[in-house]
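S.K.: Chain A is fixed; fit chain B onto it per the hints.
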Amino acid sequence: MADQTLPIPSSTQIPRAGTAAFMEWLHGWVVTVDHKKLGILYVVYSLFFLVVAGTEALCIRIQLIIPNNHFVTPEVYNELFTMHGTTMVFLVGMPILFGFATYLAPLMVGARDMAFPRLNALSFWLTAFGGILLYFSFIGGFGLYGMGSAPDVGWFAYAPLTAKAFTPGHNTDYWALSLIVMGFGTLGAAINIIATTLSMRCKGMTLFRMPLFVWLMLVTSILTLVTITPLTAAQVMLLIDRYLGGHFFDATAGGAPIIWIHFFWIFGHPEVYVLVLPVFGIASEIIPVFSRKAIFGYSAMVAATVAIMFISLSVWAHHMFTVGMTSVSNAFFALATMVIAVPTGIKIFNWLATMWGGRICFDTPMLFAVAFVFQFVIAGLTGIMLAVAPWDWQLHNSYFVIAHFHYVLVGAIVFNIFAAIYYWHPKVTGRMLDETLGKWHFWLFLIGFHITFDPMHVVGILGMPRSIYTYEANRGWNSLNMVISIGAFIQGIAVLIFVWNLIRSHKHGKIASNDPWDAWTLEWATPSPPPAYNFAVDPVVRSRRPLWDIKHPNDPDWKYEQ
Amino acid sequence: MSTVPIFADEEWRQPSRGMVAMLSLLIGESAIFTIFVVAYIYYIGRSVSGPTPAILHVPIFNTICLLSSSFTIILAERAIEHGRMRQFAALWGLTMLLGIEFLIGTGMEWHDLIYDKGLTVSTNLFGTTFYSLVGLHATHVIIGLIMLAIVMVFTLMGRVKQSHAERVKVLALYWHFVDAVWVVVFTVVYIVGK
Numbered sequence: 052m053a054d055q056t057l058p059i060p061s062s063t064q065i066p067r068a069g070t071a072a073f074m075e076w077l078h079g080w081v082v083t084v085d086h087k088k089l090g091i092l093y094v095v096y097s098l099f100f101l102v103v104a105g106t107e108a109l110c111i112r113i114q115l116i117i118p119n120n121h122f123v124t125p126e127v128y129n130e131l132f133t134m135h136g137t138t139m140v141f142l143v144g145m146p147i148l149f150g151f152a153t154y155l156a157p158l159m160v161g162a163r164d165m166a167f168p169r170l171n172a173l174s175f176w177l178t179a180f181g182g183i184l185l186y187f188s189f190i191g192g193f194g195l196y197g198m199g200s201a202p203d204v205g206w207f208a209y210a211p212l213t214a215k216a217f218t219p220g221h222n223t224d225y226w227a228l229s230l231i232v233m234g235f236g237t238l239g240a241a242i243n244i245i246a247t248t249l250s251m252r253c254k255g256m257t258l259f260r261m262p263l264f265v266w267l268m269l270v271t272s273i274l275t276l277v278t279i280t281p282l283t284a285a286q287v288m289l290l291i292d293r294y295l296g297g298h299f300f301d302a303t304a305g306g307a308p309i310i311w312i313h314f315f316w317i318f319g320h321p322e323v324y325v326l327v328l329p330v331f332g333i334a335s336e337i338i339p340v341f342s343r344k345a346i347f348g349y350s351a352m353v354a355a356t357v358a359i360m361f362i363s364l365s366v367w368a369h370h371m372f373t374v375g376m377t378s379v380s381n382a383f384f385a386l387a388t389m390v391i392a393v394p395t396g397i398k399i400f401n402w403l404a405t406m407w408g409g410r411i412c413f414d415t416p417m418l419f420a421v422a423f424v425f426q427f428v429i430a431g432l433t434g435i436m437l438a439v440a441p442w443d444w445q446l447h448n449s450y451f452v453i454a455h456f457h458y459v460l461v462g463a464i465v466f467n468i469f470a471a472i473y474y475w476h477p478k479v480t481g482r483m484l485d486e487t488l489g490k491w492h493f494w495l496f497l498i499g500f501h502i503t504f505d506p507m508h509v510v511g512i513l514g515m516p517r518s519i520y521t522y523e524a525n526r527g528w529n530s531l532n533m534v535i536s537i538g539a540f541i542q543g544i545a546v547l548i549f550v551w552n553l554i555r556s557h558k559h560g561k562i563a564s565n566d567p568w569d570a571w572t573l574e575w576a577t578p579s580p581p582p583a584y585n586f587a588v589d590p591v592v593r594s595r596r597p598l599w600d601i602k603h604p605n606d607p608d609w610k611y612e613q
Numbered sequence: 003m004s005t006v007p008i009f010a011d012e013e014w015r016q017p018s019r020g021m022v023a024m025l026s027l028l029i030g031e032s033a034i035f036t037i038f039v040v041a042y043i044y045y046i047g048r049s050v051s052g053p054t055p056a057i058l059h060v061p062i063f064n065t066i067c068l069l070s071s072s073f074t075i076i077l078a079e080r081a082i083e084h085g086r087m088r089q090f091a092a093l094w095g096l097t098m099l100l101g102i103e104f105l106i107g108t109g110m111e112w113h114d115l116i117y118d119k120g121l122t123v124s125t126n127l128f129g130t131t132f133y134s135l136v137g138l139h140a141t142h143v144i145i146g147l148i149m150l151a152i153v154m155v156f157t158l159m160g161r162v163k164q165s166h167a168e169r170v171k172v173l174a175l176y177w178h179f180v181d182a183v184w185v186v187v188f189t190v191v192y193i194v195g196k
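Protein chains in written order, with the numbering used here: chain A, 52 to 613; chain B, 3 to 196.
FYI, nobody ran anything at the bench for these hints, they're computed from the structure. Keep in mind that the hints are not guaranteed to be accurate.
[Stated by the list, open to error] If you only want the chain B side, here are some residues facing chain A, beta carbon under 8 Å, derived:
id	residue
1	22
2	27
3	29
4	127
5	169
What you are looking at is a predicted structure, and each value in this text was computed from that prediction instead of being measured. Every residue gets a Cβ at the ideal spot worked out from N, C-alpha and C, and that includes glycine.
Extracted from the complex, chain A is given alone in its bound form (with noise of 0.2 Å):
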């Protein structure tokens, strides 16, 4: 007998109890084991770094909303820009999707927990000191010999920047030393994940029943694999020529600094991709739902990703066009960053196939998402448009560059991360967000986003390069730099009502169901939280949609696919 129904146990929800059991919850957070209660763990804590690396924004558009203004002093600006950059790259995106997958694989695929549950909490708490380690070098980064100093060599730390002569004191080591901890933490993550989503699948879940977002959670493990490594090693290099006299990126001795631009966006550029296909996966999760359609085209964006996973492995060198390569590989580099194009188009069209006569329902989550598809076309446009190595020459480290990669970072990754906290934060909570304020923080975020970055091109293209502290007046960028700030400011304001609707939620948010968005995958089985062992019996599944299939027993989905 297949199984047709899976049990839902009751809710389990422990009402909080007075401030002589705070020592016991605490506790219980730090000792957990619980994949979901650290999936929490990763998106608390990298929520709150995306308000501080916010923050750190918001004060570098300050200092650049009119010429020669003093707002920060230069060196407070190199540090406000590298720790802004390194923040939201590696304690804001990977952290959150990693948190997101985390939470959700193992309820995706009917398992009751992480392959690994303890090696997920060295995970986190490798990544979380990371973080701490970053952070502390504010007050520590010239240890005892003077003031603390951050990080301000910028994210990708040029050599010979990075030399002892050129940046004495202990910020660059605690750069370094920060994202080996970090590197650590994301590989025992990702290790983690491939095992889950390929050992911990329930009864009939095969490869090809997953949940997309577990199929893009699987890619982007196996790519952080071999991404995360060669940044380890890089900063394993720069150590050694740092500390025990090394001589890797040192020019005077025969070593050349190039190797670490090498070396670097051979992690920096599948980097993109490792932050780029988990929220591709959340928007293959939320379009279908709110479009009341099954997904278009499921293997073409499997085949699609895994595509985009070998293909972004041969691209990095389009970040290197004005080093002064030969032709051949400009050529090379180039046109293997417009292949890229392909698998990314096939994807664009599967998820407006899948909008394509449905009834689209235009809640929050989905907003978000259909902001994506769309911004994510422009920031692959202008990707396009870099690749193309002469217009590259051009405009190489301007501010036509700083807009491409907000587009895809912001514009794609962080408006699906809000999405994804919208659809699946009634599962987690056991409360809705509020609907009004939800709409509210996705207009002013995407007004504040297109006021910020759309004149980003154009103040690029005008001549203005990233990464500088001041400009004059007669360069023709002073109305443009006044309206990206007060851009960055409507954003700061919606991010605000964000976190506002996230606390208000906590005690007044609607109650959800288990399934308020009537969807189709195994987590909306579970009771809103799901308890410690997700589900009560082991579900079986027989289809991609196993919750269709029992809604519909007269209609069920594996009667046609594939």
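M.R.: Coordinates of chain B only, in the frame set by chain A:
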């Protein structure tokens, strides 16, 4: 109906999570070694001052020891699979001895290089790349030996049973990787680079 429905009593097989995780870790480790190997190859002959790789002696005995430890650990895997625990303990111990010999050999080589030939990590590019690549590999040998020693202690306490064969195989996979990487490091450092 094209889909094969899954019934509750049907057999449902998935790969071992330990093997999957170890293979994933080794893919990541390969990337780390690749970066160090690429740096080594790129910097061959770029040192601006002596000594050069010509001072290296090819560690043939060391290499034979490390590579044969892969064979002894395979025999140990077979022994535990068939429940021959005394044989397992002996072969596991032999594997460890071969690994320790490799480390001693490396230590003697480094002692000779540092004190007689005057090559340290800060001497020149050759020193930097040599010590970091060979040292990275030696670090992996040390980590492997620590894990082998833990299994050995539990074996001598009589806590390792035939049912642990799968876990032992996961650990052995790591040891095989350490040996395989030595083939690459040996080729690059002592044959190509010399």
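S.K.: Broken hints, numbered, in rising order?
M.R.: Hint 5 contradicted; others consistent.
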